[in-house]
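K.L.:
Those protein sequences? They're chains C and F, same order as listed.
The working numbering numbers the first residue of the first sequence as 185 and each following residue consecutively.
The working numbering numbers the first residue of the second sequence as 12 and each following residue consecutively.
Each statement offered as a hint is correct.
With a straight-line cut-off of 25 Å between C-alpha atoms, the simulated BS3-like cross-links for lysine-lysine are: (1) C:K228 - F:K169; (2) C:K646 - C:K613; (3) F:K169 - F:K128; (4) C:K753 - C:K741; (5) C:K583 - F:K169; (6) C:K583 - F:K37; (7) C:K546 - C:K753.
Short, incomplete list of chain C residues facing chain F, as computed with Cβ under 10 Å: (8) Y259; (9) R260; (10) L318; (11) V413; (12) R426; (13) V468; (14) K574; (15) K583; (16) L584.
Derived by calculation from the structure, the hints in this document are not laboratory data.
Built from N, CA and C at the ideal position, the CB exists for glycine as well.
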Amino acid sequence: MDTLRFITCGSVDDGKSTLIGRLLYETKLIFEDQLEALKADSKKFGTQGERLDFALLVDGLQAEREQGITIDVAYRFFATPMRRFIVADTPGHEQYTRNMATGASTAQAAVLLIDARKGVLTQTKRHSRIVSMLGIRHVALTVNKMDLVGWSQSVFDEIELAYRRFAQDLGFETIAAIPLSALEGHNIVDPSYAAMPWYEGQSLLQWLETVPAEDREAAHPFAMPVQWVNRPNLDFRGFSGRIGSGSVRPGDSVRISPSGVVSRVKKIVVGSGPAAEAAAGRSVTLVLEDEVDASRGDVIATASHPVESADQFEAALFWMSEHALLPGRPYAALIHTKSASVNITHIKHRLDVNTGAHLAAKTLGLNEIATVNVSFDRSVPFAPYHENKKLGAFIVIDKLTNETVGAGIIHFALRRSVNVHWQALEVTKAARADMKHQQACCLWFTGLSGSGKSTIANLLEKRLHVDGRHTYILDGDNVRHGLNRDLGFTEADRVENIRRVAEVAKLLVDAGLIVIVAFISPFRAERQLARGLFDAGEFIEVFVDTPLEECERRDVKGLYAKARRGELKNFTGIDSDYEPPQAPEIHLRTLAAKPEACIDQIVHLLRS
Amino acid sequence: MGHAIFSELESESIEIIREVAATAAKPVMLYSIGKDSSVMLRLALKAFYPGPIPFPLMHINTGWKFREMIAFRDRMAAEIGFELISYTNPRGAAEGIGPITHGSAYHTDVMKTEALKQALDLYGFDVAFGGARRDEEKSRAKERIFSFRAPGHRWDPKAQRPELWNLYNTRINTGETIRVFPLSNWTEADIWAYIRQENIPIVPLYFASKRPVVKRYGQLILLDDDRLPLEPGEMAEMRMVRFRTLGCYPLTAAIESSATTLDAIVAETLGATTSERQGRIIDHDGAGSMERKKQEGYF
Numbered sequence: 185m186d187t188l189r190f191i192t193c194g195s196v197d198d199g200k201s202t203l204i205g206r207l208l209y210e211t212k213l214i215f216e217d218q219l220e221a222l223k224a225d226s227k228k229f230g231t232q233g234e235r236l237d238f239a240l241l242v243d244g245l246q247a248e249r250e251q252g253i254t255i256d257v258a259y260r261f262f263a264t265p266m267r268r269f270i271v272a273d274t275p276g277h278e279q280y281t282r283n284m285a286t287g288a289s290t291a292q293a294a295v296l297l298i299d300a301r302k303g304v305l306t307q308t309k310r311h312s313r314i315v316s317m318l319g320i321r322h323v324a325l326t327v328n329k330m331d332l333v334g335w336s337q338s339v340f341d342e343i344e345l346a347y348r349r350f351a352q353d354l355g356f357e358t359i360a361a362i363p364l365s366a367l368e369g370h371n372i373v374d375p376s377y378a379a380m381p382w383y384e385g386q387s388l389l390q391w392l393e394t395v396p397a398e399d400r401e402a403a404h405p406f407a408m409p410v411q412w413v414n415r416p417n418l419d420f421r422g423f424s425g426r427i428g429s430g431s432v433r434p435g436d437s438v439r440i441s442p443s444g445v446v447s448r449v450k451k452i453v454v455g456s457g458p459a460a461e462a463a464a465g466r467s468v469t470l471v472l473e474d475e476v477d478a479s480r481g482d483v484i485a486t487a488s489h490p491v492e493s494a495d496q497f498e499a500a501l502f503w504m505s506e507h508a509l510l511p512g513r514p515y516a517a518l519i520h521t522k523s524a525s526v527n528i529t530h531i532k533h534r535l536d537v538n539t540g541a542h543l544a545a546k547t548l549g550l551n552e553i554a555t556v557n558v559s560f561d562r563s564v565p566f567a568p569y570h571e572n573k574k575l576g577a578f579i580v581i582d583k584l585t586n587e588t589v590g591a592g593i594i595h596f597a598l599r600r601s602v603n604v605h606w607q608a609l610e611v612t613k614a615a616r617a618d619m620k621h622q623q624a625c626c627l628w629f630t631g632l633s634g635s636g637k638s639t640i641a642n643l644l645e646k647r648l649h650v651d652g653r654h655t656y657i658l659d660g661d662n663v664r665h666g667l668n669r670d671l672g673f674t675e676a677d678r679v680e681n682i683r684r685v686a687e688v689a690k691l692l693v694d695a696g697l698i699v700i701v702a703f704i705s706p707f708r709a710e711r712q713l714a715r716g717l718f719d720a721g722e723f724i725e726v727f728v729d730t731p732l733e734e735c736e737r738r739d740v741k742g743l744y745a746k747a748r749r750g751e752l753k754n755f756t757g758i759d760s761d762y763e764p765p766q767a768p769e770i771h772l773r774t775l776a777a778k779p780e781a782c783i784d785q786i787v788h789l790l791r792s
Numbered sequence: 012m013g014h015a016i017f018s019e020l021e022s023e024s025i026e027i028i029r030e031v032a033a034t035a036a037k038p039v040m041l042y043s044i045g046k047d048s049s050v051m052l053r054l055a056l057k058a059f060y061p062g063p064i065p066f067p068l069m070h071i072n073t074g075w076k077f078r079e080m081i082a083f084r085d086r087m088a089a090e091i092g093f094e095l096i097s098y099t100n101p102r103g104a105a106e107g108i109g110p111i112t113h114g115s116a117y118h119t120d121v122m123k124t125e126a127l128k129q130a131l132d133l134y135g136f137d138v139a140f141g142g143a144r145r146d147e148e149k150s151r152a153k154e155r156i157f158s159f160r161a162p163g164h165r166w167d168p169k170a171q172r173p174e175l176w177n178l179y180n181t182r183i184n185t186g187e188t189i190r191v192f193p194l195s196n197w198t199e200a201d202i203w204a205y206i207r208q209e210n211i212p213i214v215p216l217y218f219a220s221k222r223p224v225v226k227r228y229g230q231l232i233l234l235d236d237d238r239l240p241l242e243p244g245e246m247a248e249m250r251m252v253r254f255r256t257l258g259c260y261p262l263t264a265a266i267e268s269s270a271t272t273l274d275a276i277v278a279e280t281l282g283a284t285t286s287e288r289q290g291r292i293i294d295h296d297g298a299g300s301m302e303r304k305k306q307e308g309y310f
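With the hints as constraints, model all of the structure from the sequences given.
P.N.:
So this is what it looks like as structure tokens:
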């Protein structure tokens, strides 16, 4: 007996929870004490008058019961003699679409509900696109509440036609249209001949019992991401993980990505014993013939079909945070068992969920879907999602709040990342710096406008120059006149501004220079990005700490006055945030020390 | 038929357990000695075989557990050789808090919820495994496998992290913790069938036997020691009973049963007409009471 994981989705009030409650009730999965509780709840919260409100069986959160809506995905379990089912009942409200995606990501089939009175709605389409993006290939289009349209065949036919027309590009293998009434229990378990003699297809349960449940991963060549290296003692060294695709036997030749090292499977441990074979979906531990190096995030695969590695991809991205996606900002990511830092280098287009049109976009908001280019900070083993879900899916995490903010699926690696390899240059950074008798580094000045960054930076450069050091200053205003003249002051542009300057500073450090960067750089995440570009010890964050009132009092360029008058938008400290460093290498409190004293503080640190 | 289901459920659980071992700074497995904990323990042993389980097991001891549970716990720790921490809320112990004198709600709050939070903070555990299943209760059905807790161990059911595929976000800031439920997708019937298939040792209280019980508020309560005073009109009687779940003995009702073997228990479970939590007295404080307790830090 196999297991089918499916979701119910669709717009709010289409009757998803009622349908699941009805399925559980009809398959005798409701216990007596639960039925007693349901009767009491139906009186208290029910929306069905004197009748049992089946939705209350699944809407388990207090807030859901009070409001009569579904907020989060609920997982329920039932079985028939044919099959075991795990159903994810997902919310219909647009606000909670990310919870719908959570349920859909592990489903093999989708039951899409439509209210017969309302037809195909925007939210129906949004859910369909997410279902399609996540690779679900079988959809039951269930037209619910047929009792409220007089069991009308023409209403049903119209909805089916409209949906098939809409879904023709979504890549579904099968769409089964089923008219039903969850409330009355028609066409749920038994075909509803009495009410709808014109319908000759399957009931919903018959469809669920027969829809294909196999994962295509089983048929692909063997690949397993290493999850954990098991080394309890000197005699045992195994690579633990869950097989992503294909199957493996002792004696098979394997190749490890990205290192390319080849070996042979000596032994497969499943549970607490050896196994002759293990297939996709199984958690195993592999012992290899040779003492090879592999760690978490590497992928062990059939030697003849090794898994490719790359660091730049085109991907579809579903955004799940109230905070907009900012291209260029570093985010954390997890792809199979590999952690990395990523940034979205380019939003190719955003998808209009209603029409499917491609729209231009500079950022992405909550519940929006886009095609993007994504850059990982290291090479990761992968496969396109449509070939292998386990190796092609990734999540995006905000580095400060640690919230999961995005879900991505890899379309393909960008050609340049597969073909462009780093040139190992013989004249190294150290060699260039040595010739100048100095250690290259980046002094990153951050602080409010008017805090004194440029003043101190200029004085510092003079001092270093006198000492015979080779230096260069990157100043915010100057760079904006040239390299970054195309950027404005929106949050997205500020992120890009910093990214470019950080990259330039990195090249100059590579050339052996002492680089002084004087930028407001208000966001912690971007300074962290800059820091991440340099080797340990090379990046020195200098916090020029002048209180806002003092900066505003000085107002050297008259900008604060302008901003206060509303003539200057997104001005740091006024209507845009400044996030002070939490642990800068150097903290200059300018109210307490003269510029010369500040310079001494920096030079002292450089000497040590 | 059983094997296909169990390879799927077992593999998913093992993947979850290994993911924690690979990413957490200081994980712990909550061990409640019941059937679900016994299955979770077996899965942990399999996940790291031939090595030992790379984290300790912790039992929150309310002082009111069935005596057979404590004996079983100590026997398992000795036979398998895992590191066992037993923790009791010192304040509750000093004040003599118990379910009979202080009521079930207060007892549970102090000796379980508060004790658990104290223990997690005391040892600095950042991730704690629990044996809860989604089929147990409606608010559990809504919970993520990796369930994030804000500082103070609070659960905010309206702000759960999205959890896509089997990609678990284990990143947390200082003071935050994660509760992880490897058995999320198992049902009660799965647990019993797996115990039978794998021959997993369980506390003898799960098997029917003649035991001294008293009928109170329509439920059968075992007279496990002399701390349960009989009310006027009540009398102790020997009945053939067993337990579907185990907890504090005055709060856990027995069911009349003649199931003395695993086969008989599985057959009885498949034909059951009431849910297993029916025997848990603390769940009946009102619909939504489990959610409230969980928000406050209860497992």
